[in-house]
Amino acid sequence: MLASRHIMTMDDVTADEIALILETAESFAEVNQRRIKKLPTLRGRTVVNLFFEPSTRTRTSFEIAAKRLSADGINFSASSSATVKGETLRDTAKTLAAMACDLVVVRHKYAGAPQMLAEVMDCSIVNGGDGVHEHPTQALLDLYTMRQALGKLAGLRVGIVGDICHSRVAGSLVPALRKVGATPVVIAPPTLLPARPDVLGAEVMWDLDEALPALDVCYLLRVQFERADAMPFPSNREYASLYGMNLARMAKLPRHAIVMHPGPMNRGVEISADVADSDRSVILEQVESGVAVRMAVMYLLLGGADSGAAA
Amino acid sequence: MVFREKAEVMDADAMDRALTRIAHEILEANKGAGDIALAGIMTRGVDMANRLAERIARIEGTAVPVGSLDISFYRDDVATRLSPEVHTTDIPYPVEGRTIVLVDDVLYTGRTIRAAMDAIMDYGRPANVQLAVLVDRGHRELPIRADFVGKNVPTSRRERVKVYLDEHDGREAVVILEDDGKGE
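Protein chains in written order, with this note's numbering: chain E, 9 to 319; chain C, 765 to 948.
Just so you know, these hints were derived from the structure itself, not from any lab.
No incorrect hints appear here.
Across the chosen pairs, the derived CB separations fall in these ranges:
| no. | chain 1 | residue 1 | chain 2 | residue 2 | range |
| --- | --- | --- | --- | --- | --- |
| 1 | E | A256 | C | A821 | 48 to 58 Å |
| 2 | C | G798 | E | G163 | 42 to 52 Å |
| 3 | E | D217 | C | H932 | 47 to 57 Å |
| 4 | C | N916 | E | A106 | 51 to 61 Å |
| 5 | E | A106 | C | R922 | 39 to 49 Å |
| 6 | C | E789 | E | D19 | 49 to 59 Å |
| 7 | C | G798 | E | A108 | 48 to 58 Å |
| 8 | E | M239 | C | P858 | 50 to 60 Å |
| 9 | E | G163 | C | A827 | 33 to 43 Å |
Examples of chain E residues toward chain C, derived with CB under 7 Å:
| no. | residue |
| --- | --- |
| 10 | M9 |
| 11 | E34 |
| 12 | S35 |
| 13 | E38 |
| 14 | L47 |
| 15 | G311 |
C-beta: ideal position from N, C-alpha, C; glycine also.
Whole structure, please, built from the sequences with the hints as guidance.
Have a look at this one:
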């Protein structure tokens with residue numbers, strides 16, 4: 009049971025709650041190995057996926073998580089909803105609230121959309137990515153994957169490389185790492201850093217090659233061409249040569265270090281194909297963890313809710 | 765509520781004898797250890813299942829497989845109450861066609877056993893499912909009974925029955941706890 013009813017930013021969970029979510033996720037990971045991957049836990053609960061931005065892995069992952077817990081999952085995507093007829097987010101939210109759903113997963117291009125939903129809806133809200141702000145379940149599944157691969161979180165040095173200023177993944181991962189006692193290091197050219205990188209609360213480095221030998225995790229971000237106003241660097245080739253992960257760079261990492269990417273990948277830009285498919289890449293493990301971690305989040309948010317209200 | 769110890773109903777020797785008897789009864793009822801697998805319910809049921817497996821091995825010379833079941837996700841009160849701690853279920857044997865003996869420390873309302881039956885069925889279709897408990901304290905809320913019982917202990921609903929095991933508590937005993945009436 010979590011203190012907050014929502015997971016909209018990493019501020020909604022404490023370090024102890026992160027540990028609880030990861031431990032619960034481990035039990036759900038076992039369920040995902042079974043032949044019958046279904047539990048009766050959230051029977052009769054309704055989970056709505058409200059996606060105003062394109063998504064395959066996050067939406068599918070939440071959808072599978074809801075189904076495996078026997079919740080009824082409903083998908084709203086912007087292109088097929090009344091949004092194209094001009095309905096506002098607030099009205100869409102009120103409409104859904106009137107249908108009595110228990111949990112809404114929202115993805116929206118504007119930061120703060122989950123908080124707005126929480127104001128008008130009487131249900132749990134999970135942020136599935138809001139603008140360039142946060143994507144907390146991604147950070148949680150990343151922590152889970154790191155812990156599975158490296159056996160611990162405290163003390164890890166995690167390099168987050170690339171498009172920091174457009175990345176909601178980094179927006180959640182940096183505070184998440186700090187909460188569990190790991191050290192986030194953001195590594196990017198100045199054009200891909202926020203104007204005030206010091207507010208991130210992470211160490212800042214410009215030179216990837218210098219950073220590599222000390223990293224336990226090298227986390228590559230997708231260059232978000234669709235969010236950039238102008239090309240933030242001269243060419244993809246130049247970016248790849250300075251910040252792209254390739255076999256030569258991977259060899260500079262300590263032998264135990266792992267390579268991560270939230271997907272979808274721009275192969276040949278931030279990560280080369282041979283690194284993405286190497287045995288040190290845990291990119292598919294991240295996807296696999298996603299289902300278990302989202303099951304844990306749904307279980308902990310929706311379970312025990314009544315007693316929480318009474319207490 | 766604060767609970768204080770009212771009475772010790774089983775000591776280490778009594779528990780030891782009860783478990784040995786249950787091991788014999790399981791073997792007798794199933795005509796040997798052939799198709800048997802044990803499934804302990806977290807957490808003390810698992811320790812008891814291990815102890816039963818040891819005894820069965822000693823008596824029959826056959827190692828019966830032991831699994832551990834966490835029933836948190838199968839509870840009927842998930843909406844109101846969450847298990848404080850969730851453990852990972854581990855059933856390291858095929859359930860299909862087997863005789864599964866569920867093992868728990870205390871049988872009370874029967875709701876845990878209902879959840880455990882649902883949980884084990886998700887691993888396959890057992891030939892039959894039996895239930896062994898160290899203590900049956902009554903007050904069933906579902907049509908469930910144990911096949912093997914260490915001791916029947918009449919209790920009131922206000923009381924609690926607590927099984928202490930060396931593995932967790934550094935003490936071997938079954939005690940009845942009573943609300944001391946002092947409230948929170």
